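Asker: Sequence:
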Amino acid sequence: MARKKSKPSVRIEYDMLSDELKKMYDEIYLTLKKKNIFELRQEAQELSIGAPTRLQKAELVRRMADKLVSDYVPEDMTQVENEVKGIYFNGYLDDIVVPKALIERWKLRDGDVITGTYAKSESCGYVMIGINKTEHDISADRPRFEQLQAQAGEKMILCNAAKAKFPALKKGERVLMSSFTAEEGKKISEWFENCLFIPIGVLPESKFNDEQFAVPFDMSAEDSTKTVLTAVSRAKRLCEEGKDVVIVASGLSLLGDRDAERAVFGVGRNFNYGSITVIADEDKEKENGAYAKAATRII
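The sequence shown begins at 13 in my numbering and counts up one residue at a time.
Keep in mind that the hints were calculated from the coordinates and are not lab data.
Keep in mind that this is a model prediction, so the values were computed, not measured.
A few of these clues could be false.
[Said to hold, decoys possible] Computed cross-link-like contacts, SDA-like style, restricted to lysine to any residue with a CA-CA straight-line distance of at most 20 angstroms:
#1 Lys112 <-> Gln54
#2 Lys255 <-> Asp230
#3 Lys45 <-> Pro64
Turn these sequences into a full structure, and let the hints steer you where they fit.
Answerer: Written out as structure tokens, the structure is:
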């Protein structure tokens, strides 16, 4: 369905909402009400609310709350004009829900990192109600990873430790190693500037930073897969920005989801715009060389 050019208008029928949605609406409304008119006008523009400077604060708050809650309301409870409704996207492991209106306004993709304002909601955790910053330039058209043309890798500039372990390593390689521990993988990840570390099957009390996507051994299969695929999406977004990214994945065969494992190891490739290099391990007895054919280097 094509979007019409006229400005979207959303009106929530409050009395028809469920108790959970009423709580969400009230929480968002109160959060917005505490802001000054200048903050509200800026965030209203992000939500594509027409002529926010002409509206009184109370009306502006009402329209913004209607817009933010509309993504979670069944179609027959809203009056939506000239807008294509779609699914909302969750943040990392369902931490924060980002409404569709903000996703479209800021041209967000899975794996993007954003900063902004959020409101607590008893019905779905936290809801993002305003974005202040993204890593990418929303005024420019970002290339899509799937549309980039792969090419032969160029030699990487490495520190001495990396040179000793991976001599003449090229951008976009898929390196297969014998099993290594999470501690060894963390050390390897420190050798590269733009590196995402995926330790799988680690202890729950293990501590990692923001770009280390840990999968504790007691994490559910669904969340384990989501964590790993989030790391892959994150690597793609960095690559689209022209960066040379390295993924280090330890315990890959412990994931138990063959499609997700292939998504990690198979994402390695080089472009003239950026690259993703993958260093992963394989339990040879368990996997029986399943990834050897896709590897460019075996250690």
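Asker: Does each hint fit the structure? Answer for all of them.
Answerer: Evaluated hints:
1. Lys112 <-> Gln54: Status holds; Cα separation ~17 angstroms.
2. Lys255 <-> Asp230: 33 angstroms, violated
3. Lys45 <-> Pro64: Holds. Lys45 to Pro64 sits at ~15 angstroms (cutoff 20 angstroms).
Figure legend: structure checked against the earlier numbered hints; the only hint not met is number 2.
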